[in-house]
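Novice: Below, each chain spelled out in residue letters.
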Amino acid sequence: MRTPSLREVQGWFWRSITSARMDRRLLGLVEPSATLTPPARVGVYVEAYLWRLREVLAEDFPRLSAILGPDRFTGLVRDYLAHHPSTNPSVRHLGRSMARHLAGRKDLPPYLADLARLEWARADVFDAPDSDVLTADDLRTVSPVEWPGLCFAPIPALVLLHADWPVHELWGGADPAQLSPSPTMIRVWRDATDAVFHAGTDAGVAAALEHLVAGESFAAVCGALADVPPLEAAHHATALLARCLEDGIIARVTSPSIQREAPRTPYGACPGGTRRRSRSDGPARGKSGVNPER
Amino acid sequence: MRDFPHLGHGVGLRPPHYLRVVDGTTRVDWFEVISENFMLRGGRPLRVLERARATAPIVLHGVSMNLGGTDPLDPHHLDELAGLARRFDPAWISEHLCWGSFGRHYVHDLLPLPYTEEALAVVVDRVRRVQERLGRRILVENVSSYVTYRHSTLPEWTFLGAVAESADCGILLDVNNIYVSAMNHGFSPGDYLAGLPLDRVGQIHLAGHSDAGTHLLDTHDHPVAAPVWSLYGEAVRRFGPVATLVEWDDRIPPWEELAAEADRARVLEAEALRAYPKPA
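Residue numbers (the numbering used here), protein chains in the order written: chain V, 11 to 304; chain X, 6 to 285.
Just chain V, with the same shape it has in the complex (with noise of 0.2 angstroms):
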């Protein structure tokens, strides 16, 4: 017989782990052991690859994983490899186009891809990269004529998710089979000590909250609340904001009228008392939203 080339073997040793069935010609190739058979021995590495990767999965969507139980998470686990099998030497990335799956399997509930969408994104903020945060101190020699050209940018580790489904209540103990659609904006974000967090965020406000982390001047943030008077959007803006700075998601704030951003710091570095709160400095106050385990 004709020696295979290292190629060959390994793709049949891949095709053997990650199909249902093991590929014949390596099975040939396989000395048995004194206690085990040559399937039972690439059978080792067969079930080494679901059950590891179906941990890292279940870590990554803790939520998804206990609402389907154990059988249907793993279930779930082997289509999504069959289709998804990973492609980042770092199995952080593993569980990237879970949301995607989900929404393609029609026999699962419909709100479990936005779930995993924002589990997902906890993931993504969670190692986002790091960066100086803006507060409230920072804005108070601020004069009001200069207000309207301010422009603010968030930090990375902030996603804004659009979801079908109001799934970020389901952390809040409500019952899977009682959630109904309701178009929703979630925003997730990690704080200074490095904790996740989430929150739904009131219909009201969530235009306005794109405008605002899009960089868009605080004139067109106020703008953006046009069901409400003028004073009235200026006053829901501005509540808008002290939100978002006591949440810490506001990296910094630039005007071309005053020039006011501050050179970047690099980590540790940030001096107590200056405009920007370096992210390692400590808790941010008054947290709205919910901190699971991640």
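Read the hints as simulated data drawn from the structure, not as lab findings. Keep in mind that the hints are not guaranteed to be accurate.
[As the list claims (entries may be wrong)] Some, not all, of what chain X presents toward chain V, calculated at C-beta under 7 angstroms:
1. R46
2. G47
3. S69
4. T75
5. W104
6. F107
7. R109
8. V112
9. H113
10. E122
11. E123
12. A124
13. Y151
14. V152
15. Y154
16. R155
[Stated by the list, open to error] Taking beta-carbon pairs under 7 angstroms as the criterion, some of the chain X residues facing chain V (in silico):
17. L45
18. G48
19. R49
20. H82
21. Y111
22. D114
23. H227
[To be verified] Which chain V residues stay away from chain X? Per the calculated CB distances, all over 12 angstroms, these:
24. V66
25. L118
26. L149
27. E226
28. S265
Built from N, CA and C at the ideal position, the CB exists for glycine as well.
Keeping the supplied structure of chain V fixed, place chain X upon it in accordance with the hints.
Specialist: Coordinates of chain X only, in the frame set by chain V:
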């Protein structure tokens, strides 16, 4: 080896012990971390690693370089590893003697190679290229395995030694992996040690394994087993004092228990060297 000094007796740094690192209450000679777990854009793990690095030497231990693979080496992955090395200045970098991807799809496992001349040429070429990109010699680790191939022409230890000599790299000798594979395949662990070049071993790994009845599994979820401690003593007597590290990846115990395993390695190493000092 000159590139791989005896750092003492360290432990693998894992998330359950991050708080201890932040608190500054870890007393250990050095840390080893899984390289891929820190290929991140930001967040707590990188801050913990900075803190660990401020207290002790660290070593980067990779699991996905795919040294025995037939897919092209991933240049982005190599760049990420080089970036980590620049940032954290590890004492050294290690990878595994195995393959783990096919068609750009990763298994996230350490899959066994057939020990053939073709595989040897593949691994040697890839180790050389990795070392060239990183600008330093690396250590290559033997893995636990559950399969052997009929068409292998070399014993694993001969293969590993030939990789080290031909690619001019070091060996990360996992004593637990030798024991697990020896029991699974029926070779003598002593033959393994005796078959390796004396001057290439730069680090030793110790870990626990599980007995599945029909075979041993490299699970890293138990204390180091008695026969592995014994084999460690043999390795020290053969290779002399070598930086040693205890890995524990599942059912991770409290810090004190993990550190005690490293301390035990320190004591056993001293005993082995007293009883059988290496000839000058």
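Novice: None of the hints should be skipped; say for each whether it holds.
Specialist: Status of the hints after comparison with the structure:
no.	hint	in the structure
1	R46	5 angstroms, holds
2	G47	4 angstroms, holds
3	S69	4 angstroms, holds
4	T75	4 angstroms, holds
5	W104	6 angstroms, holds
6	F107	4 angstroms, holds
7	R109	6 angstroms, holds
8	V112	6 angstroms, holds
9	H113	5 angstroms, holds
10	E122	10 angstroms, violated
11	E123	5 angstroms, holds
12	A124	5 angstroms, holds
13	Y151	4 angstroms, holds
14	V152	5 angstroms, holds
15	Y154	5 angstroms, holds
16	R155	6 angstroms, holds
17	L45	4 angstroms, holds
18	G48	4 angstroms, holds
19	R49	4 angstroms, holds
20	H82	5 angstroms, holds
21	Y111	4 angstroms, holds
22	D114	6 angstroms, holds
23	H227	17 angstroms, violated
24	V66	8 angstroms, violated
25	L118	25 angstroms, holds
26	L149	25 angstroms, holds
27	E226	25 angstroms, holds
28	S265	27 angstroms, holds
Going through the hint list in order, the structure does not satisfy hints 10, 23, 24.
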